[in-house]
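**Q** Sequence:
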Amino acid sequence: MIPKKSHIFLGLLAVTGFCTASQAESPLERQLARAKQAVGAPAQANGGPANLSKPAAVPGWSNLNDGSNREEPCSIVNRKGAAVLGYIGPSAQWKDSYFFVSGPDVPKAKKAKLIKVTLSTDGEADRTVKATHSPMADSDSVILFNLPTIEAALDLMEDRETVKVSINGKNVFGSDWMQGHAARDKMRACLKTVTR
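Numbering (our numbering), first residue to last: 1 to 196.
By construction, these hints were calculated from the structure, which means they are not laboratory data. Incorrect hints may appear among the rest.
Dumping the calculated EDC-like pairs for lysine to aspartate or glutamate here, alpha-carbon to alpha-carbon at most 20 angstroms [said to hold, decoys possible]: (1) K192 <-> D96; (2) K164 <-> D105; (3) K164 <-> D126; (4) K95 <-> D66; (5) K170 <-> D122; (6) K192 <-> E72; (7) K170 <-> D126; (8) K80 <-> E161; (9) K186 <-> E161.
Pair by pair, the computed Cβ-Cβ distance ranges are [claimed, not checked]: (10) I115 <-> L156: 20 to 26 angstroms; (11) E151 <-> S68: 16 to 22 angstroms; (12) P107 <-> E151: 27 to 33 angstroms.
Heads up, the beta-carbon is just placed ideally off N, CA and C, and yes, glycines get one too.
With the hints as constraints, model all of the structure from the sequences given.
**A** This is how it looks when you write it as structure tokens:
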């Protein structure tokens, strides 16, 4: 049984698996598929979606919408090695905002469900929250945090930051970024256009 709070998420994301950006069924699924492509993850040999566990050629931030496409949500994605994280803002299709992480140490999920995770970031106390743990067709899994507002999340974003996620005391994700403020500023510029 899928947790009640996941129904909005499941309505946006077909949890039977991700596909390529052109084949994606929902706006959120399409955006996450684009995130994989934007950060340079190589496509699978069968032409399927990129595997997030494979390192990108160029690490760092990608801005998936500069605001010129009002139908697509604003998002920024960071890759460092095999670790991928990002922010997805509201769009014409939905009002929710998300922070997500994915990497080789994120446990493989069989189906989407709400789980308790501990989120650790520089300079703040660890927070244990509920997040959606979901499978992806390329065998990776994603942990998706529903944000109260994208603006509040961006206000807390540091220029340099370390992010860790643990489940039951076991570290399942760790990464850090630089140039967070430049990425945040691009996201804010997009939000001014897309969410009007």
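**Q** For each hint, tell me whether it holds in the structure or not.
**A** Tested hints:
The hinted pair formed by K192 and D96 meets the criterion: a straight-line CA distance of about 16 angstroms does not exceed 20 angstroms. For a cut-off of 20 angstroms, the pair hint linking K164 to D105 stands: about 11 angstroms separates their Cα positions. Only pairs whose Cα atoms come within 20 angstroms are accepted, and K164 paired with D126 is accepted, the gap being roughly 9 angstroms. Between K95 and D66 the alpha-carbon distance is near 18 angstroms, which keeps this suggested pair within the 20 angstroms criterion.
Our distance criterion of 20 angstroms between C-alpha atoms is met by K170 and D122, whose separation comes to about 18 angstroms. In summary, the hint linking K192 to E72 is supported, as the alpha carbons are separated by about 13 angstroms, within the 20 angstroms threshold. Of the pairs offered as hints, the one joining K170 and D126 holds, with about 14 angstroms between alpha carbons and a cut-off of 20 angstroms not exceeded. Restraint check for K80 and E161: satisfied, since their Cα atoms lie roughly 12 angstroms apart, inside the 20 angstroms limit.
Distance hint between K186 and E161 is fulfilled; the C-alpha atoms sit about 17 angstroms from each other, no more than 20 angstroms. Against the hinted window of 20 to 26 angstroms, the Cβ-Cβ separation of I115 and L156 comes to about 23 angstroms, which satisfies the hint. Taking the beta carbon of each, E151 and S68 are about 21 angstroms apart, inside 16 to 22 angstroms as hinted. Taken as a hint, the range 27 to 33 angstroms holds for the pair P107 and E151, whose Cβ atoms sit roughly 31 angstroms apart.
The earlier numbered hints are all upheld by this structure, with none contradicted.
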